[in-house]
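Number of protein chains: 2
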Amino acid sequence: MITSPANPRIKMLRKLQNRKYRDETGWYYLEGPRHILEAVSQKAAIEYVVVCPELIGDAKDFLTRLSADLRPDQLLEVSPETFRGFSTKDGPKGLAAVLHQEWASLSEMKPEGLSWVALSSVANPGNLGTILRTCDAVGVHWLILLDRSTDPYDPTALRAGMGTHFSVKIVKAGFGDLVDWKRAHKIKMIGTSDRAEQDYHQVHYPSNCILLMGSEREGLTSEQVEQCDQLVGIPMAGRADSLNLAVATSVLLYEMYNQKRDKK
Amino acid sequence: MITSPANPRIKMLRKLQNRKYRDETGWYYLEGPRHILEAVSQKAAIEYVVVCPELIGDAKDFLTRLSADLRPDQLLEVSPETFRGFSTKDGPKGLAAVLHQEWASLSEMKPEGLSWVALSSVANPGNLGTILRTCDAVGVHWLILLDRSTDPYDPTALRAGMGTHFSVKIVKAGFGDLVDWKRAHKIKMIGTSDRAEQDYHQVHYPSNCILLMGSEREGLTSEQVEQCDQLVGIPMAGRADSLNLAVATSVLLYEMYNQKRDKK
Chain G
-11 MITSPANPRI KMLRKLQNRK YRDETGWYYL EGPRHILEAV SQKAAIEYVV VCPELIGDAK
49 DFLTRLSADL RPDQLLEVSP ETFRGFSTKD GPKGLAAVLH QEWASLSEMK PEGLSWVALS
109 SVANPGNLGT ILRTCDAVGV HWLILLDRST DPYDPTALRA GMGTHFSVKI VKAGFGDLVD
169 WKRAHKIKMI GTSDRAEQDY HQVHYPSNCI LLMGSEREGL TSEQVEQCDQ LVGIPMAGRA
229 DSLNLAVATS VLLYEMYNQK RDKK
Chain S
-11 MITSPANPRI KMLRKLQNRK YRDETGWYYL EGPRHILEAV SQKAAIEYVV VCPELIGDAK
49 DFLTRLSADL RPDQLLEVSP ETFRGFSTKD GPKGLAAVLH QEWASLSEMK PEGLSWVALS
109 SVANPGNLGT ILRTCDAVGV HWLILLDRST DPYDPTALRA GMGTHFSVKI VKAGFGDLVD
169 WKRAHKIKMI GTSDRAEQDY HQVHYPSNCI LLMGSEREGL TSEQVEQCDQ LVGIPMAGRA
229 DSLNLAVATS VLLYEMYNQK RDKK
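So the sequences go chain by chain: G and S.
As numbered in our numbering, residues -11 to 252 make up the first sequence, in order.
As numbered in our numbering, residues -11 to 252 make up the second sequence, in order.
Note that these hints are calculated values from the structure, not bench results.
Treat the hints with caution; some may be incorrect.
Since the list gives no way to pick out one identical chain from another, each pair is judged satisfied if it fits inside one copy or across any two copies.
Calculated lysine-lysine pairs in the DSBU-like style (CA-CA distance at most 35 Å, straight line) [as the list claims (entries may be wrong)]:
1. Lys77 <-> Lys(-1)
2. Lys(-1) <-> Lys160
3. Lys48 <-> Lys(-1)
4. Lys3 <-> Lys81
5. Lys77 <-> Lys157
6. Lys48 <-> Lys31
7. Lys3 <-> Lys77
8. Lys176 <-> Lys251
9. Lys77 <-> Lys8
10. Lys160 <-> Lys77
11. Lys251 <-> Lys48
12. Lys248 <-> Lys176
13. Lys251 <-> Lys98
Same shape as in the complex, but just chain G (with noise of 0.2 Å):
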């Protein structure tokens, strides 16, 4: 058992808070029984999980899941004085772990499925963990993050993905690498923009399309509006001029998704 904070495997927990340790190290932290779990069960790379029996409520049943998927040497277990040291939760339920950061790249996606989200320069991880929960709910397995986005492995996106970091795949791309990705292998490519004259709701979307969404703050650039192969625009009837990014992606996927499921 672990009781000094001074450890450097306890010390790092802390550390990964920071986006700065997050970029350089290419791990990050994960907290919680409902989300460790996920990652074990979705195998994700876990580097090591910290335990403490005492704030853990069946922590038998617990560790018995966790030492079946993991070796011994990747579980710590700690003082509950240690584990509120580093924990970032009102109520530590005593799991977290380190685990690596998972990027995939254009060249993987294969030109099949539903379709691709892609999110240009979205700035707030509450939006970013959002989206990918509703991309896992509605079938969507590639997430794409062009130009300055924020961290998906930052704890408000973690917490807002509920474990969906696990199920949809995230790709860093830069725009022009997308868009002749998209011209090589034909997929269309839509734009969400407040300044479209078409509806959202009055289009037939193709079964396999990229939807891109522009950032909280700007939408699309005027370069991303010219390589949409089509606008579409959600109709609003108050006093707002735009809907909260997530939403808006989410309103968009369910429209997609709804289609897809009313042909069936």
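Chain G is fixed; fit chain S onto it per the hints.
Below, chain S without anything else, positioned relative to chain G:
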């Protein structure tokens, strides 16, 4: 010009970051030119506005607009240092205000229009603000907060609401009173549940109904489920068992809004 942070009207700005203080006074703190101008143009109940001309880009234009709608004693000029002392933003834009919270009651709700949204024990202020923003977009004019709800005048809720606090009326009510109201006016209440057999996309929604959403953690209580005239669920293809609350509410509201638009 006020330069002392000890001035009671300046001290108030900081205190209102705290829910306890907001509850006691019935006031709240709002910051940013966009929000303040929306408050003025929507005739919100403004107590006073704090202006720092040096921090406002188009100061003269703003001041002209504000002084047309406010009494001189409602406009306080402060130094940049004083403004930065209470501002909650990284790059403060020199405009903040104290406003009166506005609460409506069930008895004011006329049983007409598109529909109402009722949230049971919503916990996350970001979700609450985002839901207000979607309500505004689809023409829902009343949002009913049931039981223990987070504060719609929390800074995070205000930020997420993007000024729609002034176009959607907020009602605080007990669940029993809402049930009485819907019975008296013969209005249907539609609840959402992940255990509902009915697909939300296969249902025809009445032109006026109450959409009842459960809390982030618990969903609807069994008493609430019992009082619903219909239960609908949003199908999900992935591993996660629920959507973000603001996303689920918005997906449902856009289905209702689209059905209404399709009829025309």
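Evaluation of the provided hints:
1. Lys77 <-> Lys(-1): The answer is both: 17 Å in one copy and 31 Å across copies each meet 35 Å.
2. Lys(-1) <-> Lys160: Classified as within; 29 Å inside a copy, 46 Å across copies.
3. Lys48 <-> Lys(-1): The answer is within: 26 Å in one copy meets 35 Å, while 52 Å across copies does not.
4. Lys3 <-> Lys81: Both: 20 Å inside a copy, 33 Å across copies.
5. Lys77 <-> Lys157: Answer is both: 27 Å inside a copy and 34 Å across each meet the 35 Å cutoff.
6. Lys48 <-> Lys31: within (21 Å within a copy, 60 Å between copies)
7. Lys3 <-> Lys77: both (16 Å within a copy, 25 Å between copies)
8. Lys176 <-> Lys251: Answer is both: 20 Å inside a copy and 30 Å across each meet the 35 Å cutoff.
9. Lys77 <-> Lys8: both (22 Å within a copy, 22 Å between copies)
10. Lys160 <-> Lys77: both (29 Å within a copy, 30 Å between copies)
11. Lys251 <-> Lys48: neither (48 Å within a copy, 58 Å between copies)
12. Lys248 <-> Lys176: Both. Shortest intra-copy (16 Å) and inter-copy (30 Å) distances satisfy the 35 Å Cα cut-off.
13. Lys251 <-> Lys98: Answer is within; shortest intra-copy Cα gap is 23 Å, inter-copy 39 Å.
Going down the numbered hints, you'll see the structure goes against just number 11.
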